[in-house]
Each structure stands twice: as structure tokens, then as C-alpha cells.
Amino acid sequence: MRLRLVSWPILLVAGAGAAASAVMSMARPFTWTADVTTAVAIAGVLLGGCLFASRANRTRHSAPLAHPLPRPGAVAWLLLVVALTTFELLNLFEAPRRQHPTISSLLVLLTGHDVTRALMFAAWLVAGWWLCRCR
Amino acid sequence: MRTVTVAIWAVLAAAALLLEAFGRRRITGLVSAEELIRYFMKARVGRVIFVLGWMWLGWHLFAR
Chain A
98 MRLRLVSWPI LLVAGAGAAA SAVMSMARPF TWTADVTTAV AIAGVLLGGC LFASRANRTR
158 HSAPLAHPLP RPGAVAWLLL VVALTTFELL NLFEAPRRQH PTISSLLVLL TGHDVTRALM
218 FAAWLVAGWW LCRCR
Chain B
2 MRTVTVAIWA VLAAAALLLE AFGRRRITGL VSAEELIRYF MKARVGRVIF VLGWMWLGWH
62 LFAR
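Top to bottom, those sequences are chains A and B. Quick note on the working numbering: the first sequence kicks off at 98 and runs consecutively. Quick note on the working numbering: the second sequence kicks off at 2 and runs consecutively.
The set of hints was computed from the structure by calculation and includes no laboratory data. None of the values given here were measured: they were computed from a predicted structure. Incorrect hints may have been included.
Here are the in silico distance ranges between beta carbons for each label pair [said to hold, decoys possible]:
no.	chain 1	residue 1	chain 2	residue 2	range
1	A	S202	B	A17	32 to 40 Å
2	B	R39	A	A115	25 to 33 Å
3	A	T128	B	I9	29 to 37 Å
Beta carbons are placed, not taken as given, at the ideal position from N, Cα and C, and that holds for glycine.
Given these sequences and hints, build the entire structure.
Shown next, in the form of C-alpha cells:
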């Protein structure tokens, strides 16, 4: 008896994601390699995610109706998003950037190294895949 | 000034982590980020906004 842990399409998707992350680890921003890898990854995630989602929808019952979010939860996240956005904008319009770092300028610490750049790219791919399949 | 700015970012990040941790345990009516995103993704406009945001994030961090 053969044990099937994962299906071949999932392996294919994971392999493609790993390959794209490896390419991205060597690419630097503002180069055609980075542009093409990011564009292909976006197209692949959107296309693959839609295909998988439509396949899953055929076998899945319709999603339950949305229930209202608990007010404390919604308010707490709203306050945090407002605080993050306000502080990001304050820093964005201040100079020099070194004294007023934005989220992206802090993340350069991670995207500037090959391994962490590949890991961040892989995480971004997984997030996109999840968003495409989210119901 | 940089130290103050980074410290404020750290406080905001810690607040997000705490909110997520409490939300996962459903403490005092809080919700997790996943639950919040799923709620907004029920609407077509929410899906479009989140997917466009994801695309912009990738482009901004890795390409430009």
C-alpha cells in the first residue's frame, strides 16, 4: 500500500515557491531579476490560488454567513491600525530617514541579507496563497 | 531620535503581538488577525483590497 501524504500539485507549488525564493535571495531591488521574479510570483500565486480555490469550492459547501465581529476586537484592531498608519506617515514625511525609520526602512535589515530575504519572500508567497484561498 | 522612533515601533509591534495572542484566546471579546481578515474577505471589495495590498507589499519590499 502506498502512503500519500501530499498530492503532486501541492509539491509542485511548494517547489515553485522554493525556487522563486532561491532566485529572489540573489536578486537585488531595482534590477530586472527582482522585477521579473516578483511579477511571475504574483501571477503564479493569483493563477494557482484561483485554480485551487475553484477546485476546492466544487467539493466544499458554501461558506457560512459572516457574523458580526465582537466590538472590542474590532475597536482594538482599528486603534492599532490607526496608530501604525499615523506613526508611519509621521516618519515618512520626516528626514533624515536614518533618524525617522519607516516600517520598510527597518525591514531592509532583513531584506538586505540573502537568507532572510528568501525567507521573507517565501512568507510573502504563503500569505498571498492563503489570501487567494481564504473564504 | 532614532532610538525613540525604533522604541515606539517596538511598542506597536508588541501591541500587535499581544492583541493577536489575546485574540486567539478570545480574551474579553478580542479577535485574531486571521478572524479579522476572514471577516473582511467575505466581501468582494475586501478581497480586492487585501490582494492588491499583498501585491503592493511584495513589489515594494522585493522589487522597488
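Hint-by-hint comparison with the structure:
Taking 32 to 40 Å as the suggested C-beta distance range, the pair S202/A and A17/B does not conform, at roughly 18 Å. Against the hinted window of 25 to 33 Å, the Cβ-Cβ separation of R39/B and A115/A comes to about 27 Å, which satisfies the hint. T128/A and I9/B have their C-beta atoms about 33 Å apart, which keeps the hinted 29 to 37 Å range intact.
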